[in-house]
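Dock chain R against the given chain A, drawing on the hints supplied.
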Amino acid sequence: MDTTQLLKGVLDLAVLAVVRDADGYGYDIVRRLRAAGITDVGDASVYGTLRRLYQAGCLSSYVVPSDEGPHRKYYGINDSGRAQLDTSTKTWRAFARTMGDLVSAPGEAVA
Amino acid sequence: MNATTHGISPQQYLDRVRAALSDLPADEREELLEDLPAHLADVESELDGALEQRLGSPEEYAAELRQSAGIGPSRKRVPVGLTARANRRIAAFSAELDDIPLWRRFRAFAPQLLPGWWVLRGYVLALAACSIFGGLDISGLTPKLNGDLLLFIPLAVALIWASVWIGQRGRESNPWRRRGIYGINILTVILFFSLASHQPSYGVGYSGSEYAGPLASVTDVYAYDSEGKPLRGVQLFDQYGNPIVLPGGYYVRDYADGTGQAENVYPRGPHGPTYRDEHGLPSPPATVAPLAPGDAIPGDPPASVTPPAGASPSPSVRPTPSASPSTPTPAPSR
Numbered sequence: 002m003d004t005t006q007l008l009k010g011v012l013d014l015a016v017l018a019v020v021r022d023a024d025g026y027g028y029d030i031v032r033r034l035r036a037a038g039i040t041d042v043g044d045a046s047v048y049g050t051l052r053r054l055y056q057a058g059c060l061s062s063y064v065v066p067s068d069e070g071p072h073r074k075y076y077g078i079n080d081s082g083r084a085q086l087d088t089s090t091k092t093w094r095a096f097a098r099t100m101g102d103l104v105s106a107p108g109e110a111v112a
Numbered sequence: 122m123n124a125t126t127h128g129i130s131p132q133q134y135l136d137r138v139r140a141a142l143s144d145l146p147a148d149e150r151e152e153l154l155e156d157l158p159a160h161l162a163d164v165e166s167e168l169d170g171a172l173e174q175r176l177g178s179p180e181e182y183a184a185e186l187r188q189s190a191g192i193g194p195s196r197k198r199v200p201v202g203l204t205a206r207a208n209r210r211i212a213a214f215s216a217e218l219d220d221i222p223l224w225r226r227f228r229a230f231a232p233q234l235l236p237g238w239w240v241l242r243g244y245v246l247a248l249a250a251c252s253i254f255g256g257l258d259i260s261g262l263t264p265k266l267n268g269d270l271l272l273f274i275p276l277a278v279a280l281i282w283a284s285v286w287i288g289q290r291g292r293e294s295n296p297w298r299r300r301g302i303y304g305i306n307i308l309t310v311i312l313f314f315s316l317a318s319h320q321p322s323y324g325v326g327y328s329g330s331e332y333a334g335p336l337a338s339v340t341d342v343y344a345y346d347s348e349g350k351p352l353r354g355v356q357l358f359d360q361y362g363n364p365i366v367l368p369g370g371y372y373v374r375d376y377a378d379g380t381g382q383a384e385n386v387y388p389r390g391p392h393g394p395t396y397r398d399e400h401g402l403p404s405p406p407a408t409v410a411p412l413a414p415g416d417a418i419p420g421d422p423p424a425s426v427t428p429p430a431g432a433s434p435s436p437s438v439r440p441t442p443s444a445s446p447s448t449p450t451p452a453p454s455r
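Chains as they are written, first to last, in the numbering used here: chain A, 2 to 112; chain R, 122 to 455.
Pulled out of the complex, with its shape left as it was, chain A reads as follows (with noise of 0.2 Å):
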């Protein structure tokens, strides 16, 4: 199974996840996911996400001037952004275990 693929619905929380902690700009972002392992995720896709997450108010953004090359902006989380990444966090490992349970264990569902 192509994994672009069921990240698609969970990029979100993915990306909610990498800024919890830390601010940062989008190509960090990007960095910091292929650092925990989502590495099949396209550059596009983040900068689209951050943008939608943004737009809905989860994510708050400030731009920091360079010296050296254009102009970044971050994006940082916010209380909204904290509230949708916990009700997403609760979704996403209720999910998880019933896709989990389904596939490792069929005989144990049934009893």
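Honestly, I wouldn't trust all of these hints.
[As the list claims (entries may be wrong)] Among chain R residues calculated to face chain A with C-beta under 10 Å, some are:
#1 ASP156
#2 PRO158
#3 HIS160
#4 TYR182
#5 SER338
Read the hints as simulated data drawn from the structure, not as lab findings.
Here the structure is a predicted model, which means the values were calculated and not measured.
For glycine and all other residues, C-beta sits at the position ideal for the given N, C-alpha and C.
Using the frame of chain A, we list chain R on its own:
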């Protein structure tokens, strides 16, 4: 991901992503693209010119960005109108051209030629304005050196300055101004070619006579009478009575009455056929075979010709001062 990976520059990449998002409202599009320059700079510095390998083609990037930002594939999948279609064609064509290494090198080099184009644009416009409205005499792409230069030079300096100034501003954001500049550029190209093909006009000379066709290389004429004897001091006229002055030499003879000079006197060879013969030059025959008696001329020449300079009461061609059949060397006056 993309087989045709090559060193596409971050700016080109950005431009193509922008083009792929061109159906979005400008503010929304620019917001989407806000992070991209910094991002591309980062990727470029990390991967050393393999943008497409890492990010996919600009079009794929745009589609992914669009989708993940929740905008949907494309609001206007096929923008209507000829311009939009032409723009898409041009974008596709330029993407294909970018696959040719030589073209990429030219594209990288071309911006250095821009200032030259700006200067040329100002110059051509000034030249055209002066020659159309100011009566400036031009020959090809250069003005004639005369008093009108006092008008031309300041105007050329002003227009070149303006043209360079406009060029340096870079791409105009106002669409109407941009169209205006396109229009001026097209006009400049047209003017350039029409000025460049402008035939320089000669001040002196051969007005009224065309030397094309078989006579183009003729520079002298030897006439023989019906007996086959060479004639000297022959004045030639065309069917309108205009003197026939061949190119290839400036040769005049004074009129006997001192009223002017004739340029249509032949032969011009200062010493006639024998002179040329002695010097190994191509020589006309000293005599030619006489004609059979009869009407050798199918049509009548003009009943009388107007003498070239000054009015003459006589209806006949006036003789040149030394026109004597027995004297072989009429001295040309120069």
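Hints and how they fare:
With 10 Å as the threshold, the beta carbon of ASP156 of chain R comes within range of chain A, its nearest partner Cβ sitting at about 4 Å, so the hint holds. Annotation: PRO158 of chain R was flagged as interfacial toward chain A, and the flag holds, the nearest CB pair being 4 Å apart, inside 10 Å. Interface restraint check for HIS160 of chain R: the shortest CB-CB distance to chain A comes to about 5 Å, inside 10 Å, so the restraint holds. For TYR182 of chain R, the shortest C-beta to C-beta distance to chain A is roughly 5 Å, which falls under 10 Å, so the interface hint holds.
Among the interface hints, the one on SER338 of chain R is violated; its C-beta lies about 70 Å from the nearest C-beta in chain A, farther than the 10 Å criterion.
In terms of the numbered hints stated before, the structure departs from hint 5 and from no other.
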